[in-house]
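Trainee: Using the sequences and the accompanying hints, generate a full structural model.
Listed below, chain by chain, are the residues.
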Amino acid sequence: MMRLIWPRRRAVQVLVLASIILFPFIARYSHYLWARQETKLLERWGNSPAGLLLRGTDALMRVGLPMEESGVVGRRPRKALLVRADHFVGSLPWSARLFGLSLTDLLASAESAFATRSLVSVLAAGAIIPLLATLLLGRVYCGWICPIGLLMPLIRRLRSALAFLELPVHDVRFWKGNKYALLGAAALIGLIGGLPILHYIYPPAILSREAHSFATILFDRAESGLFGFPWGFFSGGMIFLAVVALVEVAVAPGFWCATLCPGGALYSALSRWRLLRVKRTKSACIDCVLCDKACPMQLQPMTDKTGGECDSCGVCVDVCPTKALAFKFSRTDAALMALLCLGLAAPARAHHIIGLPHYAYDESFPQAPVLRLREKLGPYEVILTGYPGNPKPGEKSELHVYVNDPATNTPYEQQVLLEAYRMKPFGFQEKIADAREGLVEMGLHKFHVVYPTVANYEVVLVLPELDGSSTLRFPLVVGEPGSPWRDVALFGGGFLALLVVVRAVKIKRARAALKEKAA
Amino acid sequence: MNPLLSPSRPAAPKSAVKNGWAGRLALSLPYALGLLVLGLIAVDLGRTGSTVYVDANEMARTAAEATHPPASNVESPGISGGAVDPVCGMTVRPSSAEKAVFEGRTFHFCSSYCRTAFLEKPAEFAQAAHLPRASHTMRGLPTRMYQWALVLILILSFGVIELLGGDGKGPGPMSARWDLTAWAPLRRLLESNLFPFIPRVFTSVLFLVVIAAGLFGNQNPAMNIAPLLTWTVWWTGLIFAVLYLGKGWCTVCPWDALAGWAARFNSSLDLPWPKALRSIWPAVGLFLALTWVELGMGITLIPRATAWVALALLGMAVTCAFLFERKSFCRYACLVGRVSGLYALFSSVEIRAAKENCSGCGTLDCWKGNALGDGCPTFEYPRAMTLNTYCTMCAECFKTCPSGSMSLNLRPWAADLVVEGKPRADEAALALILLSMTAFHGLTMTPSWVALLEETRAATGLSFLSAFTGLMAAFLALPVLVYAALAAASAAWARVGFRDVALRFAYALLPIALFYHLAHNAEHFLMEGPRLLALVSDPFGWGWNLFGTARRAMPPLVTLEGLWRIQVLFVLVGHLYSLWITARTARRLAAGRGALAVQIPMLVAMVVFSWASLWLLKQPMDMRLSGM
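Residue numbers (my numbering), protein chains in the order written: chain A, 1 to 519; chain B, 1 to 628.
Simulated from the structure, these hints should not be mistaken for lab results.
Warning: the hint list may mix true and false statements.
Derived pair list, reagent style EDC-like, types lysine to aspartate or glutamate, alpha-carbon separation capped at 16 Å [to be verified]:
1) A:Lys508 <-> B:Asp55
2) A:Lys506 <-> B:Glu325
3) A:Lys293 <-> A:Asp304
4) B:Lys121 <-> B:Asp179
5) A:Lys506 <-> B:Asp55
6) A:Lys446 <-> A:Glu398
Mentor: Given below as structure tokens:
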């Protein structure tokens, strides 16, 4: 029985993609472990998306760890968990640290070397394994590890849907040299301008960055009591990926990896003298051209001088009916492969050195934001501070008012009253807190307010003893409105879908009528 | 070549029936009433409110300072042009408002009633004048005015009916027409492709701006143009427009315009509208749904929800344009078109064919369409059309008609309501629903409604929305039940079929519904509408000042007393038209004493509904916009 290559390849790719999605959560989880916040947050967040994700990560990290007696989570499991979490750091499959092994993406280290005109030892050390692997095995990163190699073929399946909807599908082939031109240009720009730019368009970098920003925004918002879907994490990079996907589907399938990816260009250039190659048995070839059709790199495996273009994906080997194409899989090759598959994860930490392009590992320890509003009233400066700054409906929040005359630096010592209104549409206001005095401590007036719902509020300060105008109004937002772009996208998308369906129905109808006429 | 310069096809010779003096009177009545209302507004604007001095010494002091009038302390903060009534909290126009001087400060009042309240305990009100207000409640009709109006209605209903209605046979003065398209430039405009294209471009751009404002603008409804322009200006102004322009809104409707252009870009599947839905029940359902979300969910106060409603309607229009032939959506499903369509039976314009000219025509171009224009988009047969209901005044028939038979006529109000048409159950239902829903609309703005809702919630333990839904259903059913009972009485008494009575007289209720609607809307329009001036300069609430008016708060156009006069006038006019149509309908159904028998229970219905209108106007109103 023939042993197919693609199931193994897909398994590796899925594992890598899963790690890209998972690592950001592990990073944030480890942050909470360090801060001893994890159990508290699990309790507070309950079954919100953030709570579920944190709980899932926790469960995953605990696999195989003995719980202490009677389920009390003590010091030792926390330590063990920390050690464990520290084994999975980073973002990119090769820009990560896994079990103490540092790996750096070749493109990233090359670009930062160009941009800084220096070679940083950390980056150079991290690049050793990827460099060796590429020299020996060729573009194996593209074929076996890069998540785009998994996602794009999936997305390209939409081509049949497009054809069903009677939309035009093209098969344009670009020149493979484009990617070298792009890489060279970027190297020049980096060298001259000191500006690393390729990470904006390098798809695996975009994907892992988005994964990290998703985790960051999700948990940051949860810390402020916001649990909705964080639409804000979509960036320009995602739009770029969407455009690439659109071109792949409608215009030029496979164009990105074969003809435009700067990372691919670098790997191709390095893999000219690789050892792992597809061996051809010319005598067995029956000229069925199945391999030509199947090759995702737009090569002709039987006849091409493939140079460094082949990504060793093994599709042609699988598809060949006469075994005219075959990998020679030596034991050393296999061992190297295994090492690479294990070497999944990030000296993203290393990237934080001297402003190199770093792929989004967010090490900052986010704090819940604090609201701080300032206003002049007569000779006084009034500062209103809120804790938390992003108050949650139904929870007690604290407002501190400090009234001070900056000219003489003397605090205002008379009565300060606070009222709170919910702003209702058309200017209606509903009083939610009657005028009252706060607790006064060292010139600081402290008030507690509970905002009942997600809405706009207005906090009114009244200084009755002050001559002339004596009220100040501070606007406050509790909760958040959704993005209006979602509405626009929903409507626009619906409209486009309707347009396409109606057009398809008309074309099919016309074709059926023509057929009937012919028959 | 500019189509406006192209020679007009010769207008068909119209039968030269002269309008008699009664006809001419009927033709000019709408404009007389319009002028009267404008005159009332002008007089009210020009009046100077009287001033009362709380302290007699004050008068002498102020007289000495006459050249330097005391500055008002109660101007709204940050905005110019308005003063706030210290009693009810309404913003008033300082020049025409009633005034009182107390402790050197001048206070302005919405009406003499608020001043009376102020004079009782001036110190208390004066002290509270600067405090922020949660909302304000507007006074309703004063009791005396309400009682007088009621007496007038009773006298009109049961004392004057015999003078009205003629014999119910001949068309009488209602057949008077004035063909505007006898004026060639107008005819050329209607025949050209630039109409209604150019006005539609304007309305569509405006529509998209309003949607953008609703979605992206400041979500404080008082600072966003979308809610005010949609609910206070457009939705209420639409009803005013129907009186004089008929279905003019449909002519320039941006929903249909955008959907039509989209369908032109990617032509329609031209499916026939489903047979089961070939009535206006879909539109009736949409109207109820809109009323429910409008009042129950309070979307009039949420800019983004306002944009959502506009987009949802646009989505429906576009989908229907892509799927169904002609403008099925306009004919069957559009609630705006069907509500204004029913009201347009009353309107003072119409598009009709000169039938004597059409009898020899074999082309059917007005139905089928030709190279010059489409066949009637709303499935009317213009050549035989007798009612305004489904005509969108799109002027396609002007373009297609090979012999220039179509004409745009001025006519007396309610002309279609005396035409012998075939009454339809769906239309009759919509007429009743319009009556109950506009009244319900008014009711929900009164404090008694809030109390009723709270009591219902306390008694049943329902949530706000379920309690609201239940009460809305009850108030929807109440007038329908009252009407059905009286129609049954009328049918039994005069021995006529119940269905015949119920369906025919439902149309006679339209003027009452329409004019109550107008009286209610006059309040929004005149009292809240002027705020549009400030919003036009800053439509998104982003702090723009495009025309330099952003910081100007326009006070209401009229004083409360002026508003009350206009409202009572509207209710009386509506009642009069309803009476008159009732009389004619009754005489068509039965002769002699039978007509009286069929009429009397219906008169009772009219009086009950007009009384309800007056009662609603008497209630104080929570205003949408205040305190800003």
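Trainee: State for each hint whether it applies.
Mentor: Here is what the structure says about each hint:
no.	hint	in the structure
1	A:Lys508 <-> B:Asp55	violated (88 Å)
2	A:Lys506 <-> B:Glu325	holds (14 Å)
3	A:Lys293 <-> A:Asp304	holds (13 Å)
4	B:Lys121 <-> B:Asp179	violated (61 Å)
5	A:Lys506 <-> B:Asp55	violated (83 Å)
6	A:Lys446 <-> A:Glu398	holds (7 Å)
In summary, the numbered hints that this structure violates are 1, 4, 5.
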